[in-house]
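With these hints in hand, go ahead and build the complete structure from the sequences.
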Amino acid sequence: MKQRAIYFGKRLIKSDLVSGSFYLFVGSMIGSAIAFILNLYFARSLSAIDYGIYASLLSLLTLGMVPSQSLSPAIVKFAADYFSVNDINSARAFYFKALKFLTICAAVFFIIFLIFSGAIGSFLKINDISVVIILGITIAVTYLTIVNQAYLQSLLKFKFISFNSTFNPVIRAVVGAGLVLLGFRVFGAVSGLLAATICTFILTFFPLQFMFKALKQEGKNISVGKITSFALPAFIAIFSLSSFISMDVILVKHFFSPQDAGLYGGLSLVGKVIFYFTGVVPGVMFPLLIKRHAKGEAFNNLFYLALALVLLPSIAITFFYFLFPSLSINIFLGYRYLSIAPFLGLFGIYITVFSVSNLCVNFFLSLNKTKIYVPVLVASIVQILLIFFFHTSFYQVIGISLITLSALLIVLIVYYLIEFASFEGIVDAVATANNPKD
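So the numbering used here is basically just the index in the sequence shown, starting at one, shifted up by 2.
Calculated from the structure, these hints are not laboratory results.
Check each hint, because a few of them may be wrong.
DSSO-like mimics (lysine-lysine), calculated; alpha carbons at most 27 Å apart, straight line [unchecked claim]:
1. K293 x K99
2. K159 x K99
3. K274 x K127
4. K215 x K159
5. K373 x K99
6. K102 x K159
7. K373 x K293
8. K159 x K274
9. K161 x K293
10. K215 x K161
11. K293 x K159
12. K161 x K274
13. K99 x K215
14. K371 x K293
15. K102 x K215
16. K99 x K371
17. K215 x K293
18. K159 x K371
See below:
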């Protein structure tokens, strides 16, 4: 038994998923810790009303970034396919096509965002439109950044990605906290987001310098149809899934009082600690699954390992939230937010279900199972509609989100069992791990 445990431990340490997740986890944890402390500073330094504005802008940022981030799986998929067969020329050609396309998208997005900035400010009850415009510029820059980030991911440059994950919140803290300290309030906090996004975008070019060398020969030409057939459903799936942890904050900001919206923003912040711990795993799993699938290698065990890496910390943190809700809120946000303590455990379950759903969606997309966009889209629309019509309390908002997302997760699990596995297969995989052959 002891030898099996040692053997299994060595296999885990050598696993690309574990090592890659470790690097991203360390970088993400350091970056998330800095970002979290920064958000706590904003929550304590800004009034509840100002923090409610900032929290709604963060949710809008998350939602606005989704269109570009939704294209990331497509870029990672095609780039990883090229790099797996050492076709550098095709990888270069695809890089510049993607960069050109997203530059156009960024320009179009900002123009549209600028036109509707007044309406956005009115919906979120924000009087200072300048912070909305700055947010629009920030989102536009992320469209450019996504190509470099996707290529770094496809190259398995997890150490550099980890460093970048730390560098971004450092810039946010220096610029954002500094401006808030000088009295610029929400304007200062949002300016920090823009500065960090620009700096990290510039930084991502350094490990990709080889992409700018002259092409030795013409790369493979990828048809627009082939890219669209994957990118469009992937975009819908990821955009819809991301809306689950963004639209609730935005709708609460619209329907509830400014004070309550600030409280819910704080609740969302503490609840998402779970996602901070687990969100790196799908990003590491994605290119590894693509390579295994392309080579015809087994991939189910990799998914089970990723699932364990997501579930264990999620359950542990949620359990802590149920046991010590007031302590958790007091440590993170202070006594002004203690009224949201009763909701924390339930919100923890919600984020746990979201984290597992996020892993499943990335798993299916990595294997080109793009039809999963349908249930994800339907579930996200149902969540928005139900909250839109039923929002008498925080419990109702969280309950609607949890039930809707749980139904989606059940659909994803059933689809996985139909397509890739069975209960017997899962048992056999566990048995193989417990009884390794030399």
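Hints, verified against the model:
1. K293 x K99: 22 Å, holds
2. K159 x K99: 21 Å, holds
3. K274 x K127: 24 Å, holds
4. K215 x K159: 19 Å, holds
5. K373 x K99: 26 Å, holds
6. K102 x K159: 23 Å, holds
7. K373 x K293: 21 Å, holds
8. K159 x K274: Since the Cα atoms of K159 and K274 sit roughly 26 Å apart, the hinted pair holds (cutoff 27 Å).
9. K161 x K293: 19 Å, holds
10. K215 x K161: Since the Cα atoms of K215 and K161 sit roughly 23 Å apart, the hinted pair holds (cutoff 27 Å).
11. K293 x K159: Given pair K293, K159 holds - Cα atoms ~15 Å apart, limit 27 Å.
12. K161 x K274: 24 Å, holds
13. K99 x K215: 15 Å, holds
14. K371 x K293: 15 Å, holds
15. K102 x K215: 17 Å, holds
16. K99 x K371: Holds. K99 to K371 sits at ~24 Å (cutoff 27 Å).
17. K215 x K293: 25 Å, holds
18. K159 x K371: Holds. K159 to K371 sits at ~25 Å (cutoff 27 Å).
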